[in-house]
Amino acid sequence: MSAPSLPGSLSRSEAEDFLYAEAALLDEWRLDDWLGLLTEDARYWVPPNDTPDADPASTLFTIADDIARIRARVTRLKDPAAHAEYPRSRTRRMIGNVRVFEAPPAPAGEAQALVHSNFVVWRFRRGEKVREYVGHYRHTLRFTQAGLRIAHRIALIDAMELGSLGSVSLIL
Amino acid sequence: MTEQPMVINDPANCDFRVNRAALVDPGVLERERERIFDLCWIYVGHESEVPLAGDFRTRQICGRPVILCRDDAGRVRVFLNSCRHRGAVVCREPEGNARHFTCFYHGWSYDRAGCLDGVPGRSAYPPSFDPAQFPLLEPAHVASYRGFVFLCFDPAAMPLEDYLAGAREYIDLVIDQSPSGQMEVIRGVQEYDIEANWKLLVENSFDDYHLLTTHSTWLDYLRNAGVEMKRPERGHLLPAHGVGRVLGNGHAVVDNVNFRGRPVAKWIPVYGEAARPEIERIRAELVARLGERRAARVADTNRNLVVFPNLVINDGSSVTIRTFHPLAANRMQVRAWALGPVEETPAARAIRLDSFLTFYGPGGFATPDDIEALEMVQAGLATWREMPWSVMTRGMAKEGEQLNTDELHLRAFWLEWQQRMQTVPRKRTAA
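Protein chains in written order, with the numbering used here: chain P, 466 to 637; chain U, 416 to 846.
Derived by calculation from the structure, the hints in this document are not laboratory data.
No residue lacks a Cβ here, since even glycine has one placed at the ideal position from N, Cα and C.
Take the hints with a grain of salt, since some may be wrong.
Between beta-carbon pairs, the in silico distance windows are [said to hold, decoys possible]:
id	chain 1	residue 1	chain 2	residue 2	range
1	U	Ser559	P	Ser476	49 to 59 Å
2	U	Arg490	P	Asp497	49 to 59 Å
3	P	Arg564	U	Ala689	34 to 44 Å
4	P	Arg555	U	Thr628	17 to 27 Å
5	U	Ala555	P	Met625	29 to 39 Å
6	U	Ser631	P	Thr516	25 to 35 Å
7	U	Leu705	P	Met559	49 to 59 Å
8	P	Arg603	U	Pro535	37 to 47 Å
9	U	Met802	P	Arg603	48 to 58 Å
10	P	Val595	U	Val504	28 to 38 Å
11	P	Val595	U	Glu508	25 to 35 Å
Let the sequences and hints guide you as you build the complete structure.
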């Protein structure tokens with residue numbers, strides 16, 4: 466991961482490098498390495514299709530993980546008894562239309578940046594229809610002493626309902 | 416032609432089998448539409464989804480587009496979402512508030528009570544044309560039980576309360592979570608398809624036999640988070656005692672002692688220390704209002720209820736309403752919502768929703784594996800000609816109590832299904 470040129474500022478190419486590296490870890494199922502990209506207070510959300518801009522405290526989400534449940538999710542996905550992902554699917558992520566915005570600093574004062582991007586995640590499994598998750602990421606990236614880390618990761622699915630996508634068994 | 420029995424029930428020989436053709440044959444689905452979905456009371460939605468006059472939700476129910484809405488008199492109505500003129504859908508939005516439902520094709524428009532109140536160029540119709548003859552059509556019956564709205568396309572149907580039979584007791588238990596007896600559907604719907612026959616989700620929704628194997632990663636998650644789980648007692652598979660009960664008219668339930676945490680009201684470490692006082696406060700309110708015994712019944716048991724044919728109310732890690740409709744013999748559409756007391760505090764609501772996601776839903780730690788299990792069953796059922804029978808005899812040789820891991824409740828569903836499928840429906844007359 467390339468370090469940002471100035472603390473608190475993030476160029477688009479730096480943001481792209483970060484998102485591409487994250488996508489590669491997820492596509493390669495290097496889930497423990499992916500956990501290493503997260504802050505200690507990270508959150509991962511997949512909002513409901515009918516109410517994309519919502520708060521999981523008052524709206525039923527598809528996924529609303531705090532760091533403990535993100536880690537539990539990874540533990541689960543690595544277990545062959547996570548039947549929905551065993552045998553593991555193959556995925557391929559394409560990320561584009563990356564835009565960097567200012568974000569308020571973290572509670573402890575570290576600088577953060579908000580990165581919007583579009584994604585397509587294809588999921589392949591033997592004998593099954595290809596699932597095509599199309600949507601929009603909102604990453605809140607935090608400048609930490611160890612480098613850039615994900616503090617909040619929202620994956621908004623464009624489909625009006627999950628429908629033939631079925632479940633969201635992988636980390637989108 | 417007489418139809419082959421799809422269910423073999425021979426208690427004397429402890430034999431109960433389901434013909435797998437029931438899960439794969441498109442001809443069976445056609446008969447199900449006619450003999451089950453068009454004759455039973457079918458869940459449409461919840462009154463809380465349309466709180467104000469003019470509020471509406473559109474849904475597909477039994478293959479028909481319908482509008483659930485509230486009229487100016489405050490009554491919850493269900494209309495077939497189809498114009499009386501040429502048939503186009505008159506309301507195309509998933510939800511909203513409307514003064515009129517107007518068909519955009521030729522502009523016929525209907526008020527909140529479904530009355531045709533606008534016909535462009537009306538003078539060209541013959542004098543005999545009477546708009547009062549063309550309201551938005553309603554199903555033969557619409558009725559609510561404690562906020563749950565059902566429709567029925569059969570004019571000769573029994574009243575909803577009679578139909579619900581013993582299921583009412585279990586709906587009442589859910590409602591008792593609310594001090595005012597009012598529960599509401601929480602924003603955020605989970606809509607997903609499963610490549611499996613709809614009846615497999617009926618079975619799965621209250622099949623506690625699969626919990627240990629299919630959901631071992633979920634049990635591990637709870638255990639790792641510090642939830643105490645007892646070793647199962649002799650003859651049991653699960654950490655807590657539970658029974659299967661038959662409630663009449665094909666409805667049935669599994670009813671078990673809670674071990675998994677409940678927003679109302681059993682704290683587990685997964686909720687976090689900060690949530691503990693809130694859960695204790697909810698518990699104290701229950702005891703004060705209902706007494707120790709009833710409070711324990713509401714708060715310390717989990718209940719997965721199936722209302723025949725396609726409504727599931729799970730009162731466990733959270734309360735879910737789940738309903739599903741077949742799209743094909745091997746495909747269904749599922750919709751699920753969270754239900755909570757209207758007076759729940761923001762903190763308690765957050766706990767409820769968080770608890771929901773630990774288990775349920777397409778991103779939860781359990782439901783994706785259920786979906787996978789059902790799809791693997793459907794894939795395996797391609798062998799139905801060689802292996803026509805599914806065995807469903809757990810608990811059959813036992814006297815007395817049937818456990819939640821037995822299959823009495825599944826058999827009750829299938830026996831009702833069989834009986835209805837063998838009944839040739841009367842000819843129906845259309846409006």
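Okay, the hints, checked on the actual structure:
Between U/Ser559 and P/Ser476 the CB atoms are about 58 Å apart, so this pair conforms to the stated range of 49 to 59 Å. The beta-carbon spacing between U/Arg490 and P/Asp497, approximately 57 Å, falls within the hinted interval of 49 to 59 Å. Taking the beta carbon of each, P/Arg564 and U/Ala689 are about 36 Å apart, inside 34 to 44 Å as hinted. A hinted range of 17 to 27 Å holds for the C-beta pair P/Arg555 and U/Thr628, which are about 26 Å apart.
In this structure the hint that U/Ala555 and P/Met625 lie 29 to 39 Å apart at CB holds, the actual value being about 31 Å. At about 32 Å, the beta-carbon gap between U/Ser631 and P/Thr516 stays in the expected band of 25 to 35 Å. At about 55 Å, the CB distance of U/Leu705 to P/Met559 agrees with the hint of 49 to 59 Å. A beta carbon spacing of about 46 Å between P/Arg603 and U/Pro535 agrees with the range 37 to 47 Å that was offered as a hint.
In this structure the supplied range 48 to 58 Å holds for U/Met802 paired with P/Arg603, their Cβ-Cβ distance being about 49 Å. Between P/Val595 and U/Val504 the beta carbons are some 30 Å apart, a value that agrees with the proposed interval 28 to 38 Å. One distance hint, 25 to 35 Å for the beta-carbon pair P/Val595 and U/Glu508, holds here, with the actual separation near 30 Å.
Of the hints listed earlier, there is not a single one the structure fails to meet.
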